[in-house]
Structures are given as C-alpha cells and as structure tokens.
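**Q** Listed here are the chains, written in short residue letters.
There are 2 protein chains.
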Amino acid sequence: MNLAALSTPAALVDVARMNRNIARMQQRLDALGVRFRPHVKTTKCEQIVRAQIAAGAQGITVSTLKEAEQFFDKGISDIVYAVGMVAGKLPQAFLLRRRGCDLKIIVDSVQSAESIVAFGREHREAFEVWIELDVDGHRSGIDPEDERLIAVGRTLVDGGMKLGGVLAHAGSSYEYNTREALVRIAEQERASAVRGAERLRAAGLPCPVVSIGSTPTALSAEHLEGVTEVRAGVYVMFDLVMHNVGVCDTSDIALSVLTTVIGHQEEKGWAIVDAGWMAMSRDRGTLRQQHDCGYGLVCTEAGDVLGDYIMSSANQEHGIVARIGAADKSIAERFPIGTRLRILPNHACATGAQHPEYHALSEDGALETWPRFYGW
Amino acid sequence: MNLAALSTPAALVDVARMNRNIARMQQRLDALGVRFRPHVKTTKCEQIVRAQIAAGAQGITVSTLKEAEQFFDKGISDIVYAVGMVAGKLPQAFLLRRRGCDLKIIVDSVQSAESIVAFGREHREAFEVWIELDVDGHRSGIDPEDERLIAVGRTLVDGGMKLGGVLAHAGSSYEYNTREALVRIAEQERASAVRGAERLRAAGLPCPVVSIGSTPTALSAEHLEGVTEVRAGVYVMFDLVMHNVGVCDTSDIALSVLTTVIGHQEEKGWAIVDAGWMAMSRDRGTLRQQHDCGYGLVCTEAGDVLGDYIMSSANQEHGIVARIGAADKSIAERFPIGTRLRILPNHACATGAQHPEYHALSEDGALETWPRFYGW
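Line by line, the protein sequences are chains R and D. Quick note on numbering: the first sequence equals residues 1 to 376 in the UniProt record's numbering. Quick note on numbering: the second sequence equals residues 1 to 376 in the UniProt record's numbering.
I should point out that these hints are in silico values taken from the structure, not numbers from a laboratory. Check before you lean on any hint, since a few could be wrong.
Since the list gives no way to pick one copy over another, a pair counts as held whenever it fits inside one copy or between any two copies.
What the hints assert, rightly or not - Keeping only pairs whose Cα atoms sit at most 20 angstroms apart, straight-line, the calculated SDA-like set for lysine to any residue is:
#1 LYS329 <-> GLN111
#2 LYS66 <-> ARG372
#3 LYS66 <-> ARG28
#4 LYS66 <-> HIS359
#5 LYS66 <-> CYS101
#6 LYS74 <-> ARG98
#7 LYS162 <-> ALA126
#8 LYS66 <-> PRO356
#9 LYS74 <-> GLY59
#10 LYS162 <-> ASP249
#11 LYS268 <-> ALA302
#12 LYS268 <-> ALA54
#13 LYS162 <-> TRP370
#14 LYS268 <-> VAL110
#15 LYS162 <-> ARG97
#16 LYS162 <-> ARG28
#17 LYS162 <-> LEU205
#18 LYS329 <-> LEU6
#19 LYS66 <-> GLU46
#20 LYS66 <-> THR178
#21 LYS66 <-> ASN19
#22 LYS268 <-> GLU333
#23 LYS268 <-> GLU187
#24 LYS74 <-> CYS101
#25 LYS268 <-> VAL117
#26 LYS66 <-> SER7
#27 LYS74 <-> LYS329
#28 LYS66 <-> PRO371
Small disclaimer: the values here were computed from a predicted structure and weren't measured.
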C-alpha cells in the first residue's frame, strides 16, 4: 500500500514528524527531571502509544474508562483516569483493578470521596485516588488554598483509600500565544500544584505524586521543582491551534487529512473537496486565534503548506477550499478535479476521533494502517 | 436493560419521537405527491433506516460509498450517492453495481462526466448518472441556466451512460427562520431544479428524475410540481439548529446525550458533566442563530427541557452546564453530583457520528442498542 493507492478522505500520520514530536517532549521532560505520562485520548492508537512508551514515557493518562480497558488489555497497567470519578463508574474501575490494572482515579469533592470510600469498603478495595486541583479557573478541581482540599484528603485516608497525590491541568494555556505568557501559566500550574501537595503534607496527609501538564505548559516550563510527573497529549501530533499558541511549527504537524478535489465554483474561487467536517471534525479552535484557518490549512499531497489556502467551509462530506482574501478565480487550473491535497487540522484530538484508523506514512513511502477505537 | 442502568455518556433515541418525525415527513410528501428518499448520513443505522422504509420511503441517499456498501449488504438496492463522483471512486462504485446495487452517481462537470464515460466504456458499464444542480449558490452543482448543463448531459448520453435526472439541495435553507423565507427558498429549490430538467429535455436529453430536498425545504414547500422525489436527513431526529430554523419544537428532538454530573464550581455557577465535545460533537450550529445553545440544551433525565440551562462550554470528556445569564450559585443543590441529565444536540448528524451506537428508548421504558457505523 502506498499513498497514491489510498482512497479519500483518510487520516494520514507522518511517522517521522510524530517520532520527532515524541522525542522532543521526552527529552525535554527528562532534562527537567520528571516522569512523563502521555495522555492517550489524542490518538487512542496502540502503535502510537507504544512509540511513546518506547521513547521513555512511564504510564498513560486516559479520558475514559474504555481507554483504560483497551490499553490494559494491551499490557499497559499504570493508568490515570483523569476525569472526576462518580459513583456510577466505580464498578467498572473496580473490575479493572481486580484484573490487575494499577488504575488511579481522581476526585475533587468530599461527596465523591465519600462514594469511593463507601464502595471501597464494601468491596474491600483500597482505591488509589489523586485529588484534582484547580490551578487556573479553567474547569474542575479544588483551589489549592481551599479547605476542602484537606477535607477530601482526610476523607480518603480515614476511609482506608490510598491518597496517591494531586493532579492539575492548566487548560487555559491554550489561550496564550507569547513565550512570556506561556512561561507564566506553566509556572502557575507548577507552583499551584506544589502548593496543594504541601498543604496536604502539612496536614499530615501523604502526597507522593504531583502530576501536572498540558502541551503548552510542558513545552514552556523553565523548571519543575516539586513536580513528579507531567501529562500532555496533543504534542504527539500537534495541530494549528498549537501552532497559533506558538509551541510548534506547521512542519511539526504530524496529522493531516488526505482529500480529493471533486469540483469547483470558479467565479467564487472555490475548489470542492471530498473531506468535510466528518473527516476534519467540527472543531473551529483557530476561530478566535490570530490565524483563523477555517477547518484546516491546505497542503500539497506531499505535505507542503500552500500558504494562503484554507478549508473555508465544510458540510458533512464536502469541504470548500478557498484562498484567504481575494477569490482565486483560477482555482480550477490550480487544483484540477482529481488533485489530492492534505489538510492540516485545527485540533488533532478532534480530527483523529472522526477516523477508524490512521494511515501511517513513513519517510520511505511505506503506508501502514494503525487502528484507533472510539466510544465509551 | 433500562435507562437507569445505562452508563454515561450515551446517545439516546426517543423512539416515539423518532417514529412521529418519520410519519410526519412521509405523510407530508405523500400528500405532495412525490417519492421520499431519506438521507441516511444522519444515522447510519439499520434499525432507523428500516423504520423509514417501513413508513413508505423509496430508496435511500448516502454521503459515502461506505454507506452504500453497508446498506446494500442489508438488502437496500436503490441508492443515490449524493457527492460528486471522481475518477478515483469509480472502481468502488462499479463493484457495487456489479454486485447488483442500483447505485446512482452524480456529477457537475464535463471533466467528471468524461471520466465516468471513459471508465464505463472500458468496463462495459452504463452508469446511471444524475446531474447536480446549484439552486442557491450554497455549494456544488451547475446553475440550471449554465450551458455546461447541456454539455454534461450530452457527454453522458453520447458516451453511453444513462442520464437519470437532476439533483439539487438548497443547503442555504438552514440560514432562514421565518415561514415566508422557508417557503421562498423551497420554491426556489423546486423551480430551479425543474428548470434544469426542462432545459435538458428541451435539448433532447432524458431527465426522468427531479430530486430535491433538505429538511427545512421539504417541510415548507407549498407544492412540488415537476419534482419526482425529495431527500431529507436530519428530520428523523431533528435538533436545536432545526428548532431555530423553525421546523420543529424541542419536544420533537429525538436524539439526546445522557450524562452525569461529576462536580461543580459553585461560585461560577457551573456543573461539570461527563459529556464533552467527544459526546456532543464540536458542532456549534446555533452560534449564529437567534438562540445560541452552546453545545446543547439541558433536560432532565426524563427528557423535560429545563429552560435556561445549556452546556456552555466543552472539553473532550467534560461539559460545563450553566444557566444562561446570571450564574446559578445554587447549581450544586439543583444538580447534585450523580444527577443524570439529557442534553439536546445542536446537530443530530454530528452528534450521532460521535457514538458507536444509539440507545433506543421506547415509551414503555425498554432500551435497545442500535449500532451505527462510521468511517469511509
């Protein structure tokens, strides 16, 4: 199988770029003296996660218990489920642990901690629980200064659970685009997480792990004192949102969607392609960034960025490719029917999720099929 | 299996509402004297398509050749692939026809028509081809007044292909929200398609089928003189975009995502739920409509709309539920941890595509699993 034989639309992975991205992050975190636990929600793909582990990653982060089950079945045991646990999901987590999976769960309320304790006692299972911290007002978690932090820790320990550490994610890092701002939010993520850990320890509670991370902060932190591990997901592929944030170049983006030109509206300067939002996802993450790329940035079939052509609009299985600014009325000559293009995505996690498999393209032109899974 | 035992997030189909939507569209098109060919891209689900056919639908419309293959394997033969054919996909279409599938393909350029003729002659296959018309400047297709319409028709007929008819889709109908505007765009779709057919016939070319449709125009047309069939997809579920367009009530929306409250940020008035954009899709179709519903409108677990609560923001596996306007600082009491909610989606086609299966809930509380497929 080679690129020319691949039918469109298809999700392409540039393996050389992917390996470069994996090496870059691992080397950086090795140098900063912390463990790296990649977030596998970006790819949900065994081949890619194996490459991350081969490069030095220790354990994985998951966003669903299905990811935990799938990767445990493939031999990975050290797993953090980084979405707040609720009572209804405890039986599924318990089953994984009973099967031997070293599954860690997270919590950010006394009520959920109590549910875990009640279930754990009933089933004689000492769940390992990490406390989720809110370090930037982005989403979930307990403020490190909030009294509830100690209350949750005490509930878990008194109830016989294993308090494994704290976990934070500075999701707001995606909103910045200068080196200074990224360094600042990275330090805020680090310092707030360490502060939460210190408060727990000062209260006589254990807190061995301090886990933080997002792709922008992991690539911007100047030091990680007090941190034991970092998590990041999208760095493995990168995307246009990360490019706008300023942590990668377009030539680092390892994921693209291969598509074919199927028609034109010449007077409008449109080429119609057979990748729509089903292939790109509906993600418009670049909408409010400094470079709005529509549904993606257009490259040649070989992967060279064409500069000012984007997928300006998308229906389910149709994309409209157009030049930014003045309409290109010669677009039918530029991209004749049958022309194949690659489209770089706004958001690699969202675009990947639309595809049952990646087509992994090596530098020598070999193409492999790497399945991914979906659902819950 | 019942609703209470279903883990979250999950795509729920209210079967009574779905059947009502199916009956409404079929009765309307029966009364207008045209055949109905539902677009199965919305659901990609055998059980639902069978219900549409049982109600009177004749044939189906697909957006990918995979849909054609999947439904042909389930015994449905009369299929229109409503995305412009290119040379690279002809072998796949040919194989389907050789297996006995009555597959119709569409084209909107002389160049693609010539590719079909060349392939058809080489393989002794008289493809049935419909010509795609542009009736509203929305996307693909040939203007009915454009000379290329006749040129494409003549290329096909002279080349030995079967010219089956014309096909149009007034996709711009989604942009309107008054009865008058919808009646006007529906009449424009009808009249333009009929005009294209008449021009072909006046040139001595056959044009037995005049196929038009979109959910808003199908539900707004006052008559369909000259039209032989209508296509529509999203009507089977409806969604918030269609509600804003004005062709359904929220109580008609048959698809929702079941989710669980996993935490709060009380001072912000946020409830955090375990459905994020992975479960809802990234579709923000209501963003520029008169009622922006964020990522979806919040209902009780039983399906009753809660009025002014929406999913205001979404990450991959987290949604933020908040009140429109002033923060609800009692949200933790209103929706305690463990509360289950249903979220009505912006766009049923996009939300459905995120799920490997629908959970079909009957009025008697019985729950069935209806698989759907994805990919290309």
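**Q** When no copy is named, should LYS162 and TRP370 be tagged within, between, both, or neither for a Cα gap of at most 20 angstroms?
**A** Close neither inside one copy (37 angstroms) nor across copies (40 angstroms); limit 20 angstroms.
**Q** Can you tell me if LYS329 and LEU6 fall within 20 angstroms by alpha carbon in one copy, between copies, both or neither?
**A** Intra 29 angstroms, inter 53 angstroms, cutoff 20 angstroms: neither.
**Q** Could you figure out if LYS162 and ALA126 sit no more than 20 angstroms apart (CA to CA) within one copy, between two copies, both or neither?
**A** within (6 angstroms within a copy, 70 angstroms between copies)
**Q** If the cut is 20 angstroms between Cα atoms, do LYS162 and ARG97 qualify within a copy, between copies, both or neither?
**A** Answer is within: at 13 angstroms inside a copy they meet the 20 angstroms cutoff, but 62 angstroms across does not.
**Q** For LYS66 vs HIS359, is the C-alpha pair at or below 20 angstroms within one copy, between two copies, both, or neither?
**A** Classified as between; 18 angstroms across copies, 23 angstroms inside a copy.
**Q** Check LYS66 against CYS101 for me: Cα-Cα at most 20 angstroms, and say if that holds within a copy, between copies, both or neither.
**A** within (13 angstroms within a copy, 37 angstroms between copies)
**Q** As a check of your reading, is LYS74 near LYS329 (CA-CA no more than 20 angstroms) within one copy, between copies, both or neither?
**A** Answer is neither; intra-copy 52 angstroms and inter-copy 44 angstroms both fail.
**Q** Reference check for the pair LYS66 and SER7, CA-CA at most 20 angstroms: within, between, both, or neither?
**A** between (29 angstroms within a copy, 12 angstroms between copies)
**Q** Please work out whether the CA atoms of LYS74 and CYS101 approach to 20 angstroms or closer within one copy, between two copies, in both situations, or in neither?
**A** Intra 11 angstroms, inter 40 angstroms, cutoff 20 angstroms: intra-copy only.
**Q** Could you place LYS268 and GLU333 in one of the four classes (within, between, both, neither) given a Cα distance threshold of 20 angstroms?
**A** within (14 angstroms within a copy, 54 angstroms between copies)
**Q** Please work out whether the CA atoms of LYS162 and ASP249 approach to 20 angstroms or closer within one copy, between two copies, in both situations, or in neither?
**A** neither (42 angstroms within a copy, 50 angstroms between copies)
**Q** Given a CA cutoff of 20 angstroms, do LYS268 and VAL117 count as a within-copy pair, a between-copy pair, both, or neither?
**A** Answer is neither: 63 angstroms inside a copy and 28 angstroms across each miss the 20 angstroms cutoff.
In terms of the numbered hints stated before, the structure departs from hints 3, 10, 11, 12, 13, 16, 18, 20, 21, 23, 25, 27, listed from lowest to highest.
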